[in-house]
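Going line by line, the protein sequences match chains A and B.
Counting in this note's numbering, the first sequence runs from 5 upward without gaps.
Counting in this note's numbering, the second sequence runs from 5 upward without gaps.
Just so you know, these hints were derived from the structure itself, not from any lab.
Possibly wrong hints are sitting among the right ones.
As the list claims (entries may be wrong) - Straight-line Cα separation of at most 27 Å, BS3-like style, residue types lysine-lysine; simulated pairs:
1. Lys32(A) with Lys228(B)
2. Lys120(A) with Lys31(B)
3. Lys116(B) with Lys44(A)
4. Lys120(A) with Lys74(B)
5. Lys101(B) with Lys96(A)
6. Lys228(B) with Lys115(A)
7. Lys19(B) with Lys114(A)
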Amino acid sequence: MEKVVEVIIGKCMGCHSCELACAVAHSKSKELVEAFNEEKTPYSRLILEMDEGDVIPFHCRHCEDAPCISVCPTNAMSRTDAESPVTLVDEKCIGCTACLLVCPFGVIQKKTEGDKLAKCDLCIERLEAGKEPACTEACPTGAIRFVSSERHSTDKRKETIRKYRVALTQTQEEAGA
Amino acid sequence: MSEESETKGKQELVKVTIDDQTIEVPKGTTLLHAAMKLDINIPTLCFHESLPPQGSCRVCVVEITDKTGKWTWIDASCVYPVSEGLSVQTQSPNVIKHRRAIIELLLSRAPKSEVLLLLAEKYGANPTRYTAIDKGEANCILCQLCVRTCNEIVGAQAIGTAERGLHKKVISPFSIAKENCIGCTACIHVCPTGAIVAKLGKESFEIEDWGVDLKMATCSCCDKPFAPTVHLEKLKSQVNLKNQLWEMCPECRRSANKVGTPYSPII
Numbered sequence: 005m006e007k008v009v010e011v012i013i014g015k016c017m018g019c020h021s022c023e024l025a026c027a028v029a030h031s032k033s034k035e036l037v038e039a040f041n042e043e044k045t046p047y048s049r050l051i052l053e054m055d056e057g058d059v060i061p062f063h064c065r066h067c068e069d070a071p072c073i074s075v076c077p078t079n080a081m082s083r084t085d086a087e088s089p090v091t092l093v094d095e096k097c098i099g100c101t102a103c104l105l106v107c108p109f110g111v112i113q114k115k116t117e118g119d120k121l122a123k124c125d126l127c128i129e130r131l132e133a134g135k136e137p138a139c140t141e142a143c144p145t146g147a148i149r150f151v152s153s154e155r156h157s158t159d160k161r162k163e164t165i166r167k168y169r170v171a172l173t174q175t176q177e178e179a180g181a
Numbered sequence: 005m006s007e008e009s010e011t012k013g014k015q016e017l018v019k020v021t022i023d024d025q026t027i028e029v030p031k032g033t034t035l036l037h038a039a040m041k042l043d044i045n046i047p048t049l050c051f052h053e054s055l056p057p058q059g060s061c062r063v064c065v066v067e068i069t070d071k072t073g074k075w076t077w078i079d080a081s082c083v084y085p086v087s088e089g090l091s092v093q094t095q096s097p098n099v100i101k102h103r104r105a106i107i108e109l110l111l112s113r114a115p116k117s118e119v120l121l122l123l124a125e126k127y128g129a130n131p132t133r134y135t136a137i138d139k140g141e142a143n144c145i146l147c148q149l150c151v152r153t154c155n156e157i158v159g160a161q162a163i164g165t166a167e168r169g170l171h172k173k174v175i176s177p178f179s180i181a182k183e184n185c186i187g188c189t190a191c192i193h194v195c196p197t198g199a200i201v202a203k204l205g206k207e208s209f210e211i212e213d214w215g216v217d218l219k220m221a222t223c224s225c226c227d228k229p230f231a232p233t234v235h236l237e238k239l240k241s242q243v244n245l246k247n248q249l250w251e252m253c254p255e256c257r258r259s260a261n262k263v264g265t266p267y268s269p270i271i
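Produce the entire structure from the sequences given, and follow the hints as far as they go.
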């Protein structure tokens with residue numbers, strides 16, 4: 005995939021903006037106020053997990069060799085080509101929960117609303133329209149970013165350099181003192 | 005891929021008019037699918053996208069007029085293949101009349117079904133016109149969607165229908181399903197009327213009417229039961245995952261990827 009969703013855990017403050025934007029982006033009207041009054045209550049595909057003050061948003065990793073696709077008996081879970089996101093077609097889903105049980109990251113949920121399975125589709129409709137996923141656009145702190153995989157690895161390398169520099173200065177100071 | 009597009013090119017297109025909107029669809033498409041393409045809502049109960057249509061609930065009836073305009077009849081749209089020049093009404097008074105009668109008949113079998121009661125309200129049907137067959141909590145309309153899902157998609161073949169007429173019911177063979185049912189809950193998911201009720205106990209997954217009583221696997225992290233062991237065994241033969249993951253519930257799999265938990269990140 006050209007671009008990936010990157011989560012910087014330290015920047016997340018748990019405001020749930022991503023979940024709200026996700027639900028609205030997957031509603032029929034795509035408008036916040038109207039979405040609330042829809043016949044089928046919209047629900048969020050991403051999961052904001054909270055634990056003792058720490059909070060992390062969890063997205064589907066869109067695995068290259070996705071186990072959820074290989075176990076789906078109806079092809080409801082599928083992708084158009086190797087580079088595209090893994091998507092779930094609600095109408096085809098029979099709710100056998102096989103995908104939920106084989107997901108190594110546990111990011112597929114069974115929703116109580118309408119007894120549906122929920123899974124991030126990387127906002128495929130928005131991507132096709134040239135927009136970025138709803139959660140990355142809505143995140144006020146930049147904890148969820150939609151970046152190219154090159155940029156992602158460059159940033160990681162820079163982070164490593166920074167950590168190394170800090171460690172180096174500390175050892176030098178200790179040696180000087 | 006090229007073969008597919010060639011056959012698509014050869015496919016004959018037919019014109020059909022639904023509620024005064026005309027659409028061209030490939031021959032063999034059902035009226036229900038043609039209406040879906042036009043965003044026309046036809047109520048359905050026994051229809052599922054992953055299964056061939058069966059036409060057992062008849063709620064999707066529409067009024068069809070042939071191309072000469074001389075003949076008009078009522079038929080279930082989910083099983084009716086389109087042909088050239090058909091004209092279809094989905095909301096005409098005649099359709100509503102028939103649909104109302106069908107809903108009333110279905111309600112006599114499943115008097116407590118919320119979906120049916122909502123449909124009855126929408127189409128002005130009288131829920132108590134016919135005496136209910138079963139005055140209990142029975143909600144089954146015998147559409148057999150669960151049976152077909154279990155047999156054709158899941159492949160477990162755990163349920164079927166037994167007896168005839170008024171006494172017909174969906175059931176596991178002799179009410180014993182210990183060997184076949186894998187507890188995947190697909191039947192519960194597809195049931196349009198919510199007739200199948202599973203009991204999730206501390207260590208067991210039960211469907212009382214069918215004699216299903218499966219052992220649940222408990223999560224090694226949080227000790228919560230999360231899936232029937234037979235279902236996990238079946239999936240284990242299909243995909244390769246780390247052993248550690250099979251013992252964990254989805255919630256704990258998420259936290260296993262969190263920093264600072266006893267489990268190292270599994271990627």
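Subject >> Hints breached by this structure >> reply: 1, 2, 4, 5, 7
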